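Colleague: Residue numbers (our numbering), protein chains in the order written: chain B, 1 to 285; chain W, 1001 to 1304.
Treat the hints with care, as some may be off.
Not the full set, but computed from the structure, chain W residues with beta-carbon under 10 Å of chain B [what the hints assert, rightly or not]:
(1) G1064
(2) F1090
(3) W1247
Derived by calculation from the structure, the hints in this document are not laboratory data.
Since we're looking at a predicted model, the values are computed, not measured.
Heads up, the beta-carbon is just placed ideally off N, CA and C, and yes, glycines get one too.
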Amino acid sequence: MIQRVTNVERFYRSCLPVLTVVFFVIGSFPKQVFAHEPVFSIGPETIFEGGWGIETEFEFDDAGDGKTSTLHYEILYGLTKDLSLTLEIPQVLRSREGHMTEDGLGDIMLRGKYQLFRRDTLGAQDKISAILGIKFPTGDEDAKPRLGTGTTDFLFGLSAGHESRTWYRFATLRYFLRTKHDGFGPGDKIFYDVTIGYRPWRREYLQWDLVGLLEMSGEYEFGSELGGKTVRNSGGNTIWLGPSLLFSYRNIMVKGGIQMPVYQQLKGNQEHNDFRTVFAIEYHF
Amino acid sequence: MTVKKITIFMFLVFFGLVGLVSAAVEKVTLRVDGLACPFCAYGLEKKIKELEGYKSFEVFLNEGRVIVGWRQDKLLDLESINEAVDKAGFTLRGVKGSFLGNLVKEDEKIFLLLDGRVKQRFYVYEPSKVKQKAEHARKVEGSLQAFSKTTRKRLEKLVAGRRTVRIVGPVHSYRDPNRPMALGIEKLTIRESFVGVLTKEKGRFFLVVSEPTSRRFSLYESRKLKLISKKAHKLEGTDSAFSKAMWERLEEILTKKKTVKVVGEVHAHREKELGAAIGIEQLEVVLPSEAAKSKKVRNENEEK
């Protein structure tokens, strides 16, 4: 517990100036903003009551000798207009680390999003949602490279957004609490994401719609623990930046984006990230 | 009378009856806040389509306006509309409607009575005279205090004449479900029915009515030509004022020299030489016997 407090303090010390600047910049944007959820993060949107959504997402991560292609299947359901549930099933198509490759089911996650605040104005919405998730150890932890962490982990977060006919902005903060398993405890993670978006053409319903986004995703990982000791080559801070696009028609959305690390401070000897890309199709019914 | 003629007669009688019961909620326009993107509006479409009275759905995101066509055999239920918008994740700010019915007066209060396939009544009021939020609004709606002197006189005339009117305006309900809803009169037009023959002059269609006095009306299709346009009167009667199907139908009727019954709103032009125009909402071919019947009804109404 004492170790955790120290970690949190250390995180804030390194990220607080960046976060302060980012939130200030976002907060000073004009009132006309939005569209839909960011591609690399989570927005405050909940689906309509009784509504279903399915999404297939292809993700490719490139980090030195490590390359991973994953298909994420997501099922979304709106229990009420304020509460939606998402089940995320990752299927690792190919994970490579040096000469070793592996594929198979990853860790399944169940996520709930509850809308704490909503303010509607003409053509715009302001929202704040709480995020709660649980990740199950369904991926093979003994595979090389590992497909799962072997731990049951928990996600807590808060997301705020302003959507309008022309602009949008999001700010999301998530804490990923990871538990220990067989003496090994992967480090907790803090995700801090900020997104701004612009719709160049104010399209009407039943017309195709395009929104361009600029997403900044921060990822701070605490050091892992093995047998009560901190693993030296673990943990660090990475900030990603890149463009994304949302293309939709009625209840179908195609989205994709690419991000490059603009800041990396990884502890010890670790593979540095090169880029990551996502392409997804979402359907609501 | 041959079998074919009897069939046509039955057909006309049936559609004549439909015409009689057409008093109804025509459409409602919702002012919805929070409509930011087309993808999000799908939830609203889905929830509106689940409404019992749903007939059609149109959304204009830039104006936050949703137009819902309403079934003539279903009562207008504002509570369910509000619930649908809320479940879709948006906020309903106001409802406007277009209603076709007859004005009636009961216990010194004036109602719009939709006596079509469903019976529904609305207290009417003049928005400039009664503020909806005012505490006393509930008491005065429908009463004579809810109208200016001019409007009151006009409404009383319409009540006495049993004229079919179209009222467009804001509508709101009360917590008490037994209390009729209230309808603010923003626009009131009279819907009339004329029997006559079609003529075509310089490429323009006219309806010539011989009863009670000989009059000539220029024609247009109300769906096709919006009266808001300053140039509207220049287009009346021309092919720009009609859909292709209507134009062909008018040509056919003209060739066969049939008598027709035209139902629609009548409006006069500022330039007197242009006369009046009828926006066609219903067009039927009538048999001579039907025309005579219509003439008789008209005479009776005038006597009354």
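Colleague: Now look at each hint and say whether the structure bears it out.
Modeller: Hint check results:
no., hint, result
1, G1064, "5 Å, holds"
2, F1090, "6 Å, holds"
3, W1247, "28 Å, violated"
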